[in-house]
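Sequences and hints are given; from them, build the entire structure.
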Amino acid sequence: MNPKWRQKAARHPLTKAALHPLITLTGLFMLLLLVIFGTLYQAENGLYEAQRVFFGYVIWVAKVIPFPGTATVLWVLTLQLVLMMTLVLPLVWRKLGLWIVHGGLVLLLVGGFITQTMAVESQLTLAEGETGHFTTAYHEWEVAVWTAHGDTNDVVAQIDDHLRPGKTVKFDPLPASLTVKAYYPNAAAFTSMATGGVMPFLNASRIASMEPRKPEKEAPQNAPGLIATLHVNGAPDRDILLYALERNPLAISIGDQRMFLQLRRRNYPLDFAIKLNDFIRTLHPGTEVAKSFESNIDLLDGAASRALKIWMNNPLRYKGYTFFQASFSIENDGEHSTFAVVTNPGRLLPYISSLMVFGGMLLHFILHFLGYVKRTARS
Amino acid sequence: MNRFQTFSRSSVLALCLLALSFVAPRTFAGIDDESAQPSSAPAKSDLGGEFTLLPEDLGRASKGLEKDADLDGFASMAVLHDGRLKPVETLARLTLTQWSGRDNLKGRSALSVLAQIVFAPEKNGDLKLFRIDNPEVAEAMGIKPQEKRLYTYRQIEPGLERLQVLAAQADSVAKNKRNLVQEEALRTFTNVASFLNLTRSVQFALPSAALMVVLPETRRLLELPTGPTYSFWEMMSRAPRIAAILEGVGKSSGGVGPVESEIVRISRAMFLQSQTGAPSLLRVLPEPGKAGEWFSPAEVVANGNMLQVLNHEIAFLAEMTDAYRAGNATAFAAAAERYNGGVSTIAATEIGRTRFGIEILKNRVNPLYQAMVLFYIALFTTFLFFLFRKRWIYRSAWTLSGLALFLLTASIVARILIMRRPPVTSLFETFPFVAAVSIAVALFLESRSRQGVALLSAALLGTVLLTIAQRYAADGDTMQMLVAVLNSNFWLSTHVVTITVGYAACALSGAIAHIRLARGAWTPFPTPAQRTSLREIDRMVFGTICFGLLFSFIGTVLGGIWADQSWGRFWGWDPKENGALLIVIWCALLLHSKFWGVVRETGLAAGAVLGGVIVSIAWQGVNLLNVGLHSYGFTSGAAIKLFSYIGGEVLFLLVIWGLTAWRKRKTRTGAHTAPSTP
Chain A
1 MNPKWRQKAA RHPLTKAALH PLITLTGLFM LLLLVIFGTL YQAENGLYEA QRVFFGYVIW
61 VAKVIPFPGT ATVLWVLTLQ LVLMMTLVLP LVWRKLGLWI VHGGLVLLLV GGFITQTMAV
121 ESQLTLAEGE TGHFTTAYHE WEVAVWTAHG DTNDVVAQID DHLRPGKTVK FDPLPASLTV
181 KAYYPNAAAF TSMATGGVMP FLNASRIASM EPRKPEKEAP QNAPGLIATL HVNGAPDRDI
241 LLYALERNPL AISIGDQRMF LQLRRRNYPL DFAIKLNDFI RTLHPGTEVA KSFESNIDLL
301 DGAASRALKI WMNNPLRYKG YTFFQASFSI ENDGEHSTFA VVTNPGRLLP YISSLMVFGG
361 MLLHFILHFL GYVKRTARS
Chain B
1001 MNRFQTFSRS SVLALCLLAL SFVAPRTFAG IDDESAQPSS APAKSDLGGE FTLLPEDLGR
1061 ASKGLEKDAD LDGFASMAVL HDGRLKPVET LARLTLTQWS GRDNLKGRSA LSVLAQIVFA
1121 PEKNGDLKLF RIDNPEVAEA MGIKPQEKRL YTYRQIEPGL ERLQVLAAQA DSVAKNKRNL
1181 VQEEALRTFT NVASFLNLTR SVQFALPSAA LMVVLPETRR LLELPTGPTY SFWEMMSRAP
1241 RIAAILEGVG KSSGGVGPVE SEIVRISRAM FLQSQTGAPS LLRVLPEPGK AGEWFSPAEV
1301 VANGNMLQVL NHEIAFLAEM TDAYRAGNAT AFAAAAERYN GGVSTIAATE IGRTRFGIEI
1361 LKNRVNPLYQ AMVLFYIALF TTFLFFLFRK RWIYRSAWTL SGLALFLLTA SIVARILIMR
1421 RPPVTSLFET FPFVAAVSIA VALFLESRSR QGVALLSAAL LGTVLLTIAQ RYAADGDTMQ
1481 MLVAVLNSNF WLSTHVVTIT VGYAACALSG AIAHIRLARG AWTPFPTPAQ RTSLREIDRM
1541 VFGTICFGLL FSFIGTVLGG IWADQSWGRF WGWDPKENGA LLIVIWCALL LHSKFWGVVR
1601 ETGLAAGAVL GGVIVSIAWQ GVNLLNVGLH SYGFTSGAAI KLFSYIGGEV LFLLVIWGLT
1661 AWRKRKTRTG AHTAPSTP
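In order, the protein sequence lines correspond to chains A and B. For the first sequence, this note's numbering assigns the number 1 to the initial residue and increments by one for each residue that follows. For the second sequence, this note's numbering assigns the number 1001 to the initial residue and increments by one for each residue that follows.
Please keep in mind that the hints were generated in silico from the structure rather than gathered at the bench. Backbone N, C-alpha and C define an ideal beta-carbon position, used for all residues, glycine too. Please note that the accuracy of each hint is not assured.
As the list claims (entries may be wrong) - Covered, in the sense of this in silico footprint (three residues per stretch, anywhere, with C-beta under 8 Å from a C-beta of chain A), are these stretches of chain B:
no., stretch
1, 1076-1083
2, 1550-1556
3, 1565-1577
4, 1592-1598
Unchecked claim - Simulated crosslink set (BS3-like; lysine-lysine; CA at most 30 Å straight-line):
no., chain 1, residue 1, chain 2, residue 2
5, A, 8, B, 1594
6, A, 291, B, 1175
7, A, 374, B, 1594
8, A, 374, B, 1390
9, A, 217, A, 167
10, B, 1148, B, 1594
11, A, 275, A, 95
12, A, 16, A, 4
13, A, 4, B, 1594
14, A, 309, A, 275
15, B, 1144, B, 1106
16, A, 319, A, 275
17, B, 1177, A, 291
18, A, 214, B, 1175
19, A, 291, B, 1290
20, A, 309, B, 1290
21, A, 291, A, 63
22, B, 1175, A, 217
23, B, 1144, B, 1123
24, A, 217, B, 1641
25, B, 1177, B, 1148
26, A, 214, B, 1177
27, A, 95, B, 1594
28, A, 16, B, 1175
29, B, 1594, B, 1664
30, A, 217, B, 1177
31, B, 1128, B, 1106
32, A, 181, A, 170
33, A, 63, A, 217
34, A, 4, A, 95
35, A, 319, A, 309
Structure (structure tokens):
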């Protein structure tokens, strides 16, 4: 049953070393510690920051002592798992449950990897009657550059938030480019009052200076700022300043062309549109406790339009996007509904894999449990 | 008693009200109110305009009904409270528990106390209703701290103004930044306010000092019984007559006579009372055709349209009030029956969804508490069994545990039926459920192994978990409505139940492991018979860990699926999710360690004990972090308890370690000396 090469490989000292129980147990124990400390760190510093620190390959404790990060531990455990299944786990029916469990675990880890690297989470906030054509990121920012032709905007560039000093961005076909001087992930901005009316930067909102701030606990609350040198036809022109909380874009004229720049939450265009017709919030009678939130929407795709309802625990799935009723706000112009929007190619993997792990465990334990019942009945 | 038939229904009534409101103030503005007001009118300071103080004397004595059996109709009245339609019996228990920390007043039932508060408010000044734990609050209020920390309303009244200031200050501080004194002041103020609020519930039917009739002539003219004070509702039944007299006033040339001026005064007092429609907690009247809209009598009386449609029900309430005050149990029951009949016709669907019979029975029997008591006795009995090894003691312990489990299950089932929800929806509910599951599994294991070990674990878990549950139950309403995101029976019954079963399994393996470790330490060199017994216990520890891994895993995954369905991410590193993951990892770690022989039986048992610690962190600890979606639990003071539990378990393992070493040396020297004895 068990092929010769497998038996041989299983006995090989290298296999034995790689699959040493202590490695697995240490890995699991480290995972335990990572989860505990990650949770504590999260309570203190917010989820985004906790993920950044704990999901890497190395965690520097007190900035000097390296400790394996979640990525390292999970890679080691995954490789061990694959190796164990290929070479060691006996090919017998009795172990079928274990085969399924561990196969499911591999799939679960793969699913986690896909989600971590490929899933995109964004949001869409609409006022009643408003139609949305794109969603916005929670905490990723971009510099959008566009030129206006009548009512339409031609977006020339979208720069993501890996803006390091010295980085140059060209705006072809416009004869302009930007060289980053400073980028603060979270900043406070001050008007020219502080500099006595001196405006060192070209800016749309009379901002004269900016100071970096400690990142917020909730990453979406960060307000980044950018200072860059504008080059026209290759020659440095002026220094510009863009800040997250500015309402109006910065307008620059180059020759007879007008160019607009704005630092905004990254936009993800949809190839369909969502129109919010009505947002309804229901309370438990006589209390302020919410019983349900629901949004009546129209899904507009080309000429087709469909009236749909999105409510708590009942999202809309369309073209790989999922829209969830996430929150709401009541403002001067009426009720606004916010949807969390997710695309995740690995969405189904956790379902399949956890079903496997569950089924496998059940199979394995039931076999053993029946044995226990039989044994105790005999005695 | 049917004085309502004297005039033709509510259209007349509404008209008269209208007539009164126009005629009275305009025509007779010259009459001096103060001189006409009886001296007992409550004219004390106004506490934020929200409530008037407790009336001292209503001018007519109340005999009252004290026996629960006489108040059955009141007990099963439907009242909308905190978003749920519940029987008045439940409201009575909740409020009394909230005020005094106990659900009875020295043996007198909460229901009887509430009935007196509602129907005979003047008699409640000297009931020891309010618990103020912190003497500093009493001192700050300028009242004398009481030894047993229970205060009457009369004792608190002089300090009410200061209490309001204290409470307002506390209210302006963020909830998690309040100190103990502020918390207590705010709580006390809310309690007194809700008490005073309840005393006004049926004010329209209570004799009122403002409606005192002094002149026998007026009484004769209005065909009033001997008073001297009357209720708004009694006067309302004379509204046509009053209106007719008012019509005549001012038209005759003889000026305003004493009788007429008295009637004018009464009509003005009536008008004023009809305008104070401040809602009371006793929202017992459904608005016809509108599900979920319930009102207190005062609101209905103040609203002409609503009074028209609910006229009968208001009248029955007035009858109940009269019967209560007259001490007439038969009339009270009859009026209550008619009242409840009327309400269940108007709100047929809503009332149809309630299960008041079960709820009242559950309240009165309190199966959860009985189960706890039985588990304590069972625990004691099991200890006796281990001391004397008698078969009949073993059987009694079995019976007691079985009975306790039955009561516990009954309590859980009752909640499921009443709330129409799965068994676990709040932190409180996890305790009875975890207890029930782990004890059921323990009793199953006991039925296979018959060693008393699983039985002891069952009793241990029962006492510990249900004692904690009692603590949580004392914090207030344990059957509250759920916020939108949790309001999903499907996920509550799958994810929450499985994860809690996982807790239960790990808790059980931890409990058995304690006994296993103690036994193993005592007999480091077991005889073959002892070894068989130990092996049996080891198997239980191992099996329950497997069970725990399986259910924790499914629970965690189902939580992920719920999250994916609800907001698009399977895993969000929410602290509670992480807690569940910890249990899964720990169980996997233990099973693999055992499989590879890195730990032996004793090590596995020690691991199971630590598993209990992990469960406590996942179950309680993460609530202390105050982040994430699951931080729903009430947790102040819980941190210290949690840390002392963890410390206790570590200490336990150290003691076991020491004991093993000591017993090893002792039994070994014993073995050496044994051959030398003849």
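These are the hints, each one checked on the structure:
no. : hint              : verdict
1   : 1076-1083         : holds (count 4)
2   : 1550-1556         : holds (count 3)
3   : 1565-1577         : holds (count 10)
4   : 1592-1598         : holds (count 4)
5   : A/8 <-> B/1594    : holds (26 Å)
6   : A/291 <-> B/1175  : holds (24 Å)
7   : A/374 <-> B/1594  : holds (23 Å)
8   : A/374 <-> B/1390  : holds (28 Å)
9   : A/217 <-> A/167   : holds (28 Å)
10  : B/1148 <-> B/1594 : violated (55 Å)
11  : A/275 <-> A/95    : violated (54 Å)
12  : A/16 <-> A/4      : holds (17 Å)
13  : A/4 <-> B/1594    : holds (29 Å)
14  : A/309 <-> A/275   : holds (11 Å)
15  : B/1144 <-> B/1106 : holds (22 Å)
16  : A/319 <-> A/275   : holds (17 Å)
17  : B/1177 <-> A/291  : holds (29 Å)
18  : A/214 <-> B/1175  : holds (26 Å)
19  : A/291 <-> B/1290  : holds (17 Å)
20  : A/309 <-> B/1290  : holds (24 Å)
21  : A/291 <-> A/63    : violated (47 Å)
22  : B/1175 <-> A/217  : holds (20 Å)
23  : B/1144 <-> B/1123 : holds (22 Å)
24  : A/217 <-> B/1641  : holds (29 Å)
25  : B/1177 <-> B/1148 : holds (28 Å)
26  : A/214 <-> B/1177  : holds (24 Å)
27  : A/95 <-> B/1594   : holds (17 Å)
28  : A/16 <-> B/1175   : violated (57 Å)
29  : B/1594 <-> B/1664 : holds (24 Å)
30  : A/217 <-> B/1177  : holds (20 Å)
31  : B/1128 <-> B/1106 : holds (9 Å)
32  : A/181 <-> A/170   : holds (15 Å)
33  : A/63 <-> A/217    : holds (20 Å)
34  : A/4 <-> A/95      : holds (19 Å)
35  : A/319 <-> A/309   : holds (17 Å)
The earlier numbered hints that this structure contradicts are 10, 11, 21, 28.
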